[in-house]
Amino acid sequence: MKKNKALLLSGPYILFMVIFTLIPLGVVGYFALTDPDTGAFTLNNLKNLALFLPTLGTSVGYAIVSALICLVLGYPVAYYIAHRKPLTQKILYMLTMLPMCMSFLLRTLAWVGILETNGIINTLLTGLGLPALELIGTPGAVILGMVYNYLPYMILPLYAIIVKIDRRLIEAAEDLGCNGVQVFSKVVLPLSTPGILSGLTMVFVPAVSTFYISQKLGGTETMLIGDVIERQFKYANNRNLGAALSLVLMLLVLVCTGIMNRFGGDEEGGVVV
Amino acid sequence: MSKELIRLQDLVMEFDGERVLDGINLYFNDHEFLTLLGPSGCGKTTTLRIIGGFLNPTSGKVLFDGKCINEVPAYQRQINTVFQRYALFPHLNVYDNIAFGLKVAKLPKTEIQERVQEMLSIVGLKGYEHRRIDSLSGGQQQRVAIARALVNRPKVLLLDEPLAALDLRLRKDMQNELKRIQQAMGITFIYVTHDQEEALSMSDTVVVMDKGRIQQIGKPEDIYNEPKNAFVADFIGESNILDGIMLADYKVKFFGRTFQCLDAGFAPNEPVDVVIRPEDIDFVPVEQGHLTGTVTSVTFKGLNYDIIVDFKGFKWLIQTTDYQAEGTTVGIRLNPEDIHVMKKSEYSGMFGDYSSYSAEYDELVEDADDEEE
Amino acid sequence: MKKTNRILTVLIFIFLYIPMAVLVVASFNTGKNLSVFESFTLNQYKELFKDKDLLALLGNSLLISILSTAISTAFGTFAAVGIHNLKPKMRKVVMSLTNIPMTNPDIVTGISLSLLFVFVGSNMLGQKESLNFGTLLIAHITFSLPYIILNVMPKLQQMNPALTDAAMDLGCTPVQSFFKVTLHEIMPGIVSGAIMAFTMSLDDFVISYFVTGSGFVTLPVEIYSYTKKPIHPKIYAMFTLLFVLIFVLMVTMNLLQIRGERKKEETYVKQEKPAMKIFRRVCAGVCALAVVLGCGWLIVNNQNKQVTLNVMNWGQNIADGSDGTTDIIKAFEEKYPHIKVNYSTYDSNETLYSKLKGGGLTVDLIIPSDYMIARMIAEDMLLPLDFSNIPNYKNVQADFKNTAYDPDNTYSVPYTWGTVGIIYNEKYVDGEDVTGWELLWNEKYAKKILMFDNSRDAFGIAQYKLGYDVNTMDEAELQACADELSRQRSVVRKYVMDQIYADMEGENAWIGAYYAGDCMMMMENNENLRFYLPENQGFNLFIDAMCIPSCAENKKEAELFIDFMCQPEISGANMDYICYGSPIEGARDYMDPELANNPVVYPDAEILKNGSSYAYLPEKTTRFVEDLFMKIRIE
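Quick mapping for you: the protein sequence lines, in order, are chains A, B and C.
Going by the working numbering, the first sequence opens with residue 1, and the numbers climb by one from there.
Going by the working numbering, the second sequence opens with residue 274, and the numbers climb by one from there.
Going by the working numbering, the third sequence opens with residue 647, and the numbers climb by one from there.
The reader is advised that the hints may include incorrect statements.
[Said to hold, decoys possible] Calculated cross-link-like contacts (lysine-lysine; reagent style BS3-like; alpha-carbon spacing at most 30 Å):
(1) C:986 x A:234
(2) A:186 x A:85
(3) C:738 x A:234
(4) B:399 x B:428
(5) A:90 x C:648
(6) C:696 x C:909
(7) A:164 x C:909
(8) B:399 x C:986
(9) C:1090 x A:234
(10) A:234 x C:880
(11) B:484 x C:735
(12) B:484 x C:733
(13) A:5 x B:452
(14) A:216 x C:1201
(15) A:5 x C:738
(16) B:382 x B:334
(17) C:648 x A:216
(18) A:216 x C:698
(19) B:340 x A:5
(20) A:5 x B:382
(21) C:986 x C:774
(22) C:909 x A:85
(23) A:216 x C:1202
(24) C:910 x A:90
(25) B:376 x C:1090
(26) C:976 x B:382
(27) C:1202 x A:164
(28) A:164 x C:774
(29) A:164 x C:976
(30) C:880 x B:379
(31) B:399 x C:909
(32) B:382 x C:649
(33) C:986 x A:5
(34) B:445 x B:379
(35) A:47 x C:1266
(36) C:826 x A:234
(37) A:234 x C:648
(38) A:234 x C:874
(39) C:649 x A:85
(40) C:678 x C:698
It is worth saying that the hints were derived from the structure and are not from the lab.
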């Protein structure tokens, strides 16, 4: 009876997820292996991928750098929030969530206004009699955009895990003779590893596949794999090459998250915020 | 006595191929307080859950008033349960918890109110109607759980280790309380516990279970005095269990000596298990003793001393108020009524040897039992 | 240590909120520029509430997210209960299935779903519009479900399993026990899952972007196309209002949560007064009714019985009523009240082509350029027009009939014509340097030059510069062009299409190549801008013409639109805004004389002789050029 009930309730869901997540990936695979013009089986799309390896490398590099920056910036913030009074925690948590709910397109666009050659920063600088800076169109601007957009994705899982660390463990470590730094490095940091890994994944995945941020904040040098894929679908009408690229991107993300999870021995796969 | 209410016929339960119940046959009478007693994993809770309708037996039948109720779901059985750790609804207050079953049954509001109030006074929680569940103490929660089950006027109340989460003193009080309520309501209680003392002090009938099988059914006194095998003997109280040979009726030989006993009906020279309860043994001067041995350890227990005595390499536990210093040589006498002879069973040789006895060890094991269930 | 943390936290929050503050400030600005605050105004809010289309888009977004959240919450909760009861091994499999949309990049999820919908819908079921409201809803449910499952599952695991047993013991059927007990226990999980699903769905751009067809568009997707063009500040006003709304919602929810927790600490649960209970139920009922009615209204509104004419045009390519011009679409809808125009834009011929080829949508009217029309005719992507519905075709000037791309006048009716030239800012660019296309290669202006982000126009410029035929199929010549463009890369600030507006008007870039009419519009907004046509080297002369693609569903109405556009007064009024030349006889007379006599809009016939138009090149050449261009872009 119980078994039937379980299947009855979860069956439609399983079916739904198979149809709308697994099968579509199969369709992507099908497109990746067929010719755009004739529809015949071909490996050409995969062969053409070699051309995009440098782009892929750039994307991964940008994503890793922004994930690490997010970690360095996000950890102290998460730690700080987690050690406030409950009410303060709630307020700060809400303030971290809030940007995630607002249109990321417009928020990124605001950065264009800020970094632009004649943008807010440079207007201020020249107003102060300082030389203007070339900020937009640089890799730095793209990484800034990524960090800005995905920092909350780092802070929230870190906070969720740090806040759960038992205070008594810290006291125990102090009791056993650890100083502040040692308490952090020997107790707090290892215990927050799952949060770090989940935060890194949550920043890395959208960052490596973004196309909007690089389009708005980047220049000629910052074409990312997401741009290329979007271009294949929306401009160059080469869905098959686009599909092949998506497949590569997916595998890349799979491998990266797999390595991270293996590295952390994290069974859960990710912390739900 | 009174009429039979529930009967279990050849109950077998398997989980993933593992046999948890192995052919249980049992009946319960009306107005009876019956206890299923056994160590964790013996199948007592499974039996209770089958009666409650939360599990379907792999094979076998549950008869209620002579009718098979295997296919009747839990919510249609005239049986209610007091769950382990109570399972009170945290989102409802005391009143709503107790009224839950009546509301589901869509009874008129006034009747619900009356019956809940009545129950509250029976369990002594008048004035607690609007309290939050998590603001109650363990004993109070226990009472709410009992009230919630009894307010539905079931024919049978199932109680699954209801006192396990309480501290010792409260447990003693609640034992009396439960007995009182059972007598006041005049319904059948089926009680599951691993605490033999609880079982002996409350029950009309005790069913000792192990490994999915019933080991012995009987009145508490019979179970204690006439254990059927080494398992029961060991599980109910402390026992020194020795290998012996039944020479003839009323004559048993062990430790190379023949003793008078009260048991009969064995084959001549049949190997048997001999049980001697630690509190039945009296020290006598060495020269008067049937046996002599050396005291190896003495532990003060409050009411008595636990004294371990080594008889030719076999260690006995003796409970007595008569202090003996470690290292003394002592003599003991065994009267015929102190000796109980059992047939050999699969449990022979597994219990009753105090060679590795340690008071702390026993307590540890008991704690572990508590955790498990 | 603590102090540094505190300072860092404050700085990070400033960092997170500054861009939003910029947008909020911009919503009260009279000017369009984010970096210059001209003066305070509330006009943008007025504009916002006047813009029915924008509000409808917001409605669409709300509709999709409310529906998808409601469905996935109900579906996901029951599924979670089911999964919870599965055997551990099976449960693990199902959970990794659940994790797929969570760990997969959104772009992959979006692409895979859109390919599936088009593949199944168009190829297997023969649907014309296989990317529709339903498929968008499915996509949103697909990525919302995991949020529900992942939030509800832990609550189920934490729940004491004896509680459901207890409920059944007390007479509840399994269904009753779920609603009376389990639901209460897992409610916090359901609520937080639903909130996450709702915000994700409301703000989703990437997945919707790939799964959206032409009929039903959500706000973020449309905002994306807005951000390609100069953005109207009323969008900032909307952002501000949404910000306030979400802020208030979040604060309320937190307050409710805090109140709930306070309650938990109290010893007594106060019995709710019956009147209060009724009041609460009535409130809940009213809310539910409002949601249902709202959704119903939106659905009806979206599928009203009027004919919806899907028009797809270049960005900034129709008079929209701003700056005192005629609102062409409104005028058309007034003339034909049964037709509702659903207007969307693209930024290059190639984008349009990709959209149509990608399939899954219905478009009734498109306005591609000459060479693209020829390509579409060759690929059977256009429907022959019924000229009996287009009596005003007689107004089309003879020069624009029997063209190379549509020699028999079967498929197209011209909309505009124009040239491609250089726009530059004379404040920064030395007049002596403005000699020809080589200006776009001038290292003096490195990183201040904007270049076309489409292969045909980019290669065209290289071909004019190198003196090749613009329609060359010689791979060596094309390769030489590619090398030339690749050489240019180091001085190019950015490859752009409609984004050129913001950069040129804001003087972030000084030189760019674009279509003359658009350049005219930029010049109206910044007096330092000048237009230059390299008449000696040659330049592109193009015609954009109205066509009906084969995926059209309302051909007759599209023809009515074409006919409408062929009226001289309408065409003239339209040109007043878009600043191109009209192919309609007499339209020039209806234009603002200043514009009608402007050589940028109507160059001398002598000069025009040096212009040439792009022809349709064979598929092989097109792909060759496309690949070369891609290489330049990703170099």
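Against the structure, the hints come out as follows:
no.: 1; hint: C:986 x A:234; result: holds, 26 Å
no.: 2; hint: A:186 x A:85; result: holds, 25 Å
no.: 3; hint: C:738 x A:234; result: violated, 37 Å
no.: 4; hint: B:399 x B:428; result: holds, 25 Å
no.: 5; hint: A:90 x C:648; result: holds, 19 Å
no.: 6; hint: C:696 x C:909; result: violated, 45 Å
no.: 7; hint: A:164 x C:909; result: holds, 23 Å
no.: 8; hint: B:399 x C:986; result: violated, 70 Å
no.: 9; hint: C:1090 x A:234; result: violated, 34 Å
no.: 10; hint: A:234 x C:880; result: holds, 27 Å
no.: 11; hint: B:484 x C:735; result: holds, 28 Å
no.: 12; hint: B:484 x C:733; result: holds, 25 Å
no.: 13; hint: A:5 x B:452; result: violated, 39 Å
no.: 14; hint: A:216 x C:1201; result: violated, 37 Å
no.: 15; hint: A:5 x C:738; result: holds, 18 Å
no.: 16; hint: B:382 x B:334; result: violated, 38 Å
no.: 17; hint: C:648 x A:216; result: violated, 37 Å
no.: 18; hint: A:216 x C:698; result: holds, 28 Å
no.: 19; hint: B:340 x A:5; result: holds, 27 Å
no.: 20; hint: A:5 x B:382; result: violated, 34 Å
no.: 21; hint: C:986 x C:774; result: holds, 20 Å
no.: 22; hint: C:909 x A:85; result: holds, 19 Å
no.: 23; hint: A:216 x C:1202; result: violated, 40 Å
no.: 24; hint: C:910 x A:90; result: holds, 17 Å
no.: 25; hint: B:376 x C:1090; result: violated, 86 Å
no.: 26; hint: C:976 x B:382; result: violated, 64 Å
no.: 27; hint: C:1202 x A:164; result: violated, 66 Å
no.: 28; hint: A:164 x C:774; result: violated, 53 Å
no.: 29; hint: A:164 x C:976; result: violated, 59 Å
no.: 30; hint: C:880 x B:379; result: violated, 57 Å
no.: 31; hint: B:399 x C:909; result: holds, 23 Å
no.: 32; hint: B:382 x C:649; result: violated, 61 Å
no.: 33; hint: C:986 x A:5; result: violated, 49 Å
no.: 34; hint: B:445 x B:379; result: violated, 37 Å
no.: 35; hint: A:47 x C:1266; result: holds, 18 Å
no.: 36; hint: C:826 x A:234; result: violated, 50 Å
no.: 37; hint: A:234 x C:648; result: violated, 49 Å
no.: 38; hint: A:234 x C:874; result: holds, 14 Å
no.: 39; hint: C:649 x A:85; result: holds, 16 Å
no.: 40; hint: C:678 x C:698; result: holds, 21 Å
Violated hints, listed in ascending order, are 3, 6, 8, 9, 13, 14, 16, 17, 20, 23, 25, 26, 27, 28, 29, 30, 32, 33, 34, 36 and 37; each of the other numbered hints is respected by the structure.
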